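Chains as they are written, first to last, in the numbering used here: chain A, 15 to 460; chain B, 75 to 525.
Heads up, some of the hints might be wrong.
[Claimed, not checked] Below 25 Å or equal to it, Euclidean Cα-Cα: the simulated DMTMM-like pairs (lysine to aspartate or glutamate) are:
(1) A:K263 with B:E486
(2) A:K140 with B:D375
(3) A:K140 with B:E326
(4) A:K140 with B:E215
(5) A:K263 with B:E326
(6) A:K140 with B:D481
(7) A:K125 with B:E184
(8) A:K263 with A:D427
(9) A:K421 with B:D375
[Stated by the list, open to error] A few chain B positions that, by computed beta-carbon distances, are all more than 12 Å from chain A:
(10) N121
(11) D332
(12) S496
[To be verified] Covered stretches of chain A (chain B as the covering partner; in silico rule of three or more C-beta atoms under 8 Å from a C-beta of chain B):
(13) 215-223
(14) 351-360
These aren't lab readings, by the way, just hints derived from the structure by calculation.
Values in this document were obtained by computation on a predicted structure and should not be read as measured data.
A virtual CB, placed ideally from N, CA and C, is assigned to each residue, including glycine.
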Amino acid sequence: MSVVTVQLGQCGNQVGQELFDVISSDAQDGQRKTYSSVSRERFFRQTSQGGKKMRYNKNKAPRGFYYDCCYVGKVLKYFFFFLRVPDFEARAVLVDMEPKVINHSMNRAAKSGRWRYAEASHFSQKQGSGNNWANGFRVLGPRHRDAVEELVRREVEHCDVLAGFIPMMSVAGGTGSGVGTFVTQCLRDVYPSSFVLNHLTWPYGTGEVIVQNYNSVLTLAHLYQLSDALLVHENDAVHRICSQQLNLKQISFGDLNRVIAHQLAGVLQPALTPDSCGAYSGNPLGELVSALACHPEYKLLSACSIPQMASASIAFSTFSWPALLKHLRQMLIANTKMEEGIDWQVRPPPASAGRTSSLTAGGFNASLANLLILRGKDVYSAETGGFEDPAIYTSWLPPAEALSLWKSPVPFDKYEKSATLVSNSQALLRPLDDMVRKAWNMFASR
Amino acid sequence: MTQSVVVQVGQCGNQVGCRFWDLALREHAHVNKRGLYDEALSSFFRNAVLIDMEEGVVNGILQGPLREVFDSTQLLTDVSGSGNNWAVGHLTYGSAYREAIVNKLRKAAEHCDCLQCFFLIHSMGGGTGSGLGTRVLSLLEEEFPDVCRIVTAMYPSAEDDVITSPYNSVLAMRELTEHADCVLPVENQSLVDIVNKISVMSHGAKPGSVLRKDSTVTSGQGSLSPTEKPFDAMNNIVANLLLNITSSARFEGSLNMDLNEIAMNLVPFPRLHYLVPSLTPLYTLADVNIPTRRLDQMFSDAFSKDHQLIRADPKRSLYLACALMVRGNVQVSDLRRNIERLRPSLPFVSWNQEGWKTGLCSVPPVGHSHSLLALANNTCVKPTFMELRDRFTKLYRKKAHLHHYLDVDGMEQSIFSESLSSLSELIDEYHQLDATKARLIPDAPRLSIAR
Numbered sequence: 015m016s017v018v019t020v021q022l023g024q025c026g027n028q029v030g031q032e033l034f035d036v037i038s039s040d041a042q043d044g045q046r047k048t049y050s051s052v053s054r055e056r057f058f059r060q061t062s063q064g065g066k067k068m069r070y071n072k073n074k075a076p077r078g079f080y081y082d083c084c085y086v087g088k089v090l091k092y093f094f095f096f097l098r099v100p101d102f103e104a105r106a107v108l109v110d111m112e113p114k115v116i117n118h119s120m121n122r123a124a125k126s127g128r129w130r131y132a133e134a135s136h137f138s139q140k141q142g143s144g145n146n147w148a149n150g151f152r153v154l155g156p157r158h159r160d161a162v163e164e165l166v167r168r169e170v171e172h173c174d175v176l177a178g179f180i181p182m183m184s185v186a187g188g189t190g191s192g193v194g195t196f197v198t199q200c201l202r203d204v205y206p207s208s209f210v211l212n213h214l215t216w217p218y219g220t221g222e223v224i225v226q227n228y229n230s231v232l233t234l235a236h237l238y239q240l241s242d243a244l245l246v247h248e249n250d251a252v253h254r255i256c257s258q259q260l261n262l263k264q265i266s267f268g269d270l271n272r273v274i275a276h277q278l279a280g281v282l283q284p285a286l287t288p289d290s291c292g293a294y295s296g297n298p299l300g301e302l303v304s305a306l307a308c309h310p311e312y313k314l315l316s317a318c319s320i321p322q323m324a325s326a327s328i329a330f331s332t333f334s335w336p337a338l339l340k341h342l343r344q345m346l347i348a349n350t351k352m353e354e355g356i357d358w359q360v361r362p363p364p365a366s367a368g369r370t371s372s373l374t375a376g377g378f379n380a381s382l383a384n385l386l387i388l389r390g391k392d393v394y395s396a397e398t399g400g401f402e403d404p405a406i407y408t409s410w411l412p413p414a415e416a417l418s419l420w421k422s423p424v425p426f427d428k429y430e431k432s433a434t435l436v437s438n439s440q441a442l443l444r445p446l447d448d449m450v451r452k453a454w455n456m457f458a459s460r
Numbered sequence: 075m076t077q078s079v080v081v082q083v084g085q086c087g088n089q090v091g092c093r094f095w096d097l098a099l100r101e102h103a104h105v106n107k108r109g110l111y112d113e114a115l116s117s118f119f120r121n122a123v124l125i126d127m128e129e130g131v132v133n134g135i136l137q138g139p140l141r142e143v144f145d146s147t148q149l150l151t152d153v154s155g156s157g158n159n160w161a162v163g164h165l166t167y168g169s170a171y172r173e174a175i176v177n178k179l180r181k182a183a184e185h186c187d188c189l190q191c192f193f194l195i196h197s198m199g200g201g202t203g204s205g206l207g208t209r210v211l212s213l214l215e216e217e218f219p220d221v222c223r224i225v226t227a228m229y230p231s232a233e234d235d236v237i238t239s240p241y242n243s244v245l246a247m248r249e250l251t252e253h254a255d256c257v258l259p260v261e262n263q264s265l266v267d268i269v270n271k272i273s274v275m276s277h278g279a280k281p282g283s284v285l286r287k288d289s290t291v292t293s294g295q296g297s298l299s300p301t302e303k304p305f306d307a308m309n310n311i312v313a314n315l316l317l318n319i320t321s322s323a324r325f326e327g328s329l330n331m332d333l334n335e336i337a338m339n340l341v342p343f344p345r346l347h348y349l350v351p352s353l354t355p356l357y358t359l360a361d362v363n364i365p366t367r368r369l370d371q372m373f374s375d376a377f378s379k380d381h382q383l384i385r386a387d388p389k390r391s392l393y394l395a396c397a398l399m400v401r402g403n404v405q406v407s408d409l410r411r412n413i414e415r416l417r418p419s420l421p422f423v424s425w426n427q428e429g430w431k432t433g434l435c436s437v438p439p440v441g442h443s444h445s446l447l448a449l450a451n452n453t454c455v456k457p458t459f460m461e462l463r464d465r466f467t468k469l470y471r472k473k474a475h476l477h478h479y480l481d482v483d484g485m486e487q488s489i490f491s492e493s494l495s496s497l498s499e500l501i502d503e504y505h506q507l508d509a510t511k512a513r514l515i516p517d518a519p520r521l522s523i524a525r
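Bound-form chain A, shown alone (with noise of 0.2 Å):
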């Protein structure tokens, strides 16, 4: 089943494009061939028109013969002159007000050499939507809303069975936020009955622009209606996770996109469901919004993952399971986004303490729902019984239900052993009440 992305503003282009790269470089490392075309099929299509032209004579080959295994096709390439390398296109469709991040992230996936956005999926204009929600919102959305209908209509024909839609874009900025509200409102009303996951990237709360508190909480308002969960990444955590755990002494945006797309790969890489009987999953979207947002005013997602190290010390750790997990999970209930730091005196109140109403009673993070995926070796053996406590959960929920365990054999990036959370959690809580407060506060001046 495939997912088609749509990539929207500045932020939701680089960090869609970086998404991207990570997925196809994982599904090609020498990986399981079924992992391997389940991921691809999930987000690239293959085409040989326009694929990397050999220095054979193309007018002998046949049209549309083409394979989909790298190693029959490097066979057949050596002994038949014939054939042209599939090239794979990314099912995305890219949208920004003005061209310059999208040619940038047109170039930068070409340059990859193993993957490159189609030539007609983008859709831009010359003039940016100047960080205003309104104008993105009501004026440049409506006007555009053919050309971007039409793009995704080409690109959801492409696929054989359409698992659902990923809209990336940030909450900050006029077209991420305005535009992205107006295309999810777009999708919806298109395609009523699937899938939409909106992944969502919170600006620093020491402000990079002014008025994205404003723009963030028109945004968060209509998305939670039109949207099925909302993934969320916030700058300052994955600032946190790039200077303390990966100890980059110089941070740049392509260094957090590069971690917000790890993160995000992790839980959108195929893998086992309870549901998917011994396959990997046909469903992966239906079957997160299933596990996770199980009432409809629940739908704040968050994201943690384990571990996460400069690329350079992978190959001087050794990981185990039980140390993994609880790693993961102290970093849920003491609401950390990395293991430096961890505070470990953070608890779950006993069970005859009552319900607090503060934000977070004593540190403490509680949960409804929580999706963990173990990837890589000996995920069978591995002991979650940590994540079934009830004593982390709302008590309106069983935790036989509350927690739902994803896995998959297969290593992922790189890691010999990786875990991802997705929770449904207060972690997002303090977060949205500060920039609740400051988007009221400068609205109520004067």
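On the provided structure of chain A, position chain B as indicated by the hints.
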């Protein structure tokens, strides 16, 4: 690719504008070594309108090396000048040339694929620049209401050589307050101070420290005109200001900042749109290792009194909003670190405690490895305006030189008093915001949702 139209009015406006085109050519030539007419370059040229009521300056431009760049359809000149009289510029020439000006503007706008913004450059103290310039501003508002108007206005210093400059400035201020989207005020005295600082530096204040060639913000080296004229150094600074503002629209970067975002983010209330610019670094030393400390120094300098382009100390007054446009090899972590470091010492208004607008452009200016332009909407403009008002009232009380203005057809004394009251209201608004500075404003009560 968006385009902007640069309209330069009067002697000062044209001289600054001329430096701007010179430097823009130099920058694009530097970036695009093969000299191909790339997209970024084409986004800028053919988009100039040069207006002056006397021919000397414009003719100078047409005989200089930039003659290839402009053609006669972009020029509008007359012979006798405005006599340092705002009323002549605004009313007499304004009405006489209205059609011609509108036509030229329309032509320049039609050349643009996607017109984003009008840049207006003029001085406030003279006659053509302030009078006709502000007339052009209101014409722009009438004809192109959707396009942003950014005005770079050169304010006279106290020792200006034009006696009636207070009158001209205050009359023009009212137009700017009402019709412009953003104003970047620049004071001649600050430019002089900066130029002096650089020349002290380049004449070896410290032994062994040599300025890198063509790296100063005032240098036009490598540009077309071989000889430097007296005001060139100061005009270069303003030209660099304009280059840096538009850099994100012309070149790519990891966090783009368009021109329409400037007004959107930095102007909280429509009349308070005076943004104090400051530019760093002013020069680069020839020994080119750049430790992080140098980068941090650049950020600190942007908030220091010496680097502001008007004579004011923003750190002592209240910030309503601040934008940082960084060019060159600077990453978001450097930006974050410096914002966190500097934030505690900068007083921000209560409803915008963390309000920063940031932009990162990958291409640095010529001769530097990175640079920073800070635009601050800050109440430190209040003393500047108050001084202007004082100088105006000194003359107005005695009705000195007033008859020259009142002799002009269409000019009435009420225009003077209205301009004065507009300026006073503006000062009042800044004053009220200032008054909130020391007080601790409690958060407004939030809407409470029934549990």
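Taking the hints in turn, this is what the structure says about them:
Our distance criterion of 25 Å between C-alpha atoms is broken by K263 of chain A and E486 of chain B, whose separation comes to about 64 Å. Restraint check for K140 of chain A and D375 of chain B: the C-alpha separation of about 35 Å exceeds 25 Å, so the hint is violated. At roughly 14 Å between alpha-carbon atoms, K140 of chain A and E326 of chain B fall within 25 Å of each other, so this suggested pair holds. About 22 Å separates the Cα atoms of K140 of chain A and E215 of chain B, which keeps this hinted pair within 25 Å; it holds.
Annotation: proposed proximity of K263 of chain A to E326 of chain B holds, straight-line Cα distance about 23 Å (limit 25 Å). Note on K140 of chain A and D481 of chain B: the hinted pairing is violated, with a Cα-Cα distance of about 48 Å set against a maximum of 25 Å. Our distance criterion of 25 Å between C-alpha atoms is broken by K125 of chain A and E184 of chain B, whose separation comes to about 37 Å. Straight-line distance between C-alpha atoms of K263 of chain A and D427 of chain A comes to about 23 Å, which keeps the hinted pair within the 25 Å bound.
Proposed proximity of K421 of chain A and D375 of chain B is contradicted: the alpha carbons are some 54 Å apart, above 25 Å. Residue placement check: N121 of chain B keeps its beta carbon more than 12 Å from all beta carbons of chain A (closest about 14 Å). Not every C-beta of chain A lies more than 12 Å from that of D332 of chain B, the closest at about 5 Å, which undercuts listing it as non-interface. Non-interface status of S496 of chain B relative to chain A is upheld: no Cβ of that chain comes within 12 Å, the nearest being about 20 Å off.
Three residues within the 8 Å Cβ limit are the bar, and the stretch 215-223 of chain A against chain B gives 6, so the coverage statement holds. Proximity of the stretch 351-360 of chain A to chain B, defined as three or more residues with a beta carbon under 8 Å from a beta carbon of that chain, is not established by the 0 residues found.
Consistency note: the structure conflicts with the earlier hints numbered 1, 2, 6, 7, 9, 11 and 14.
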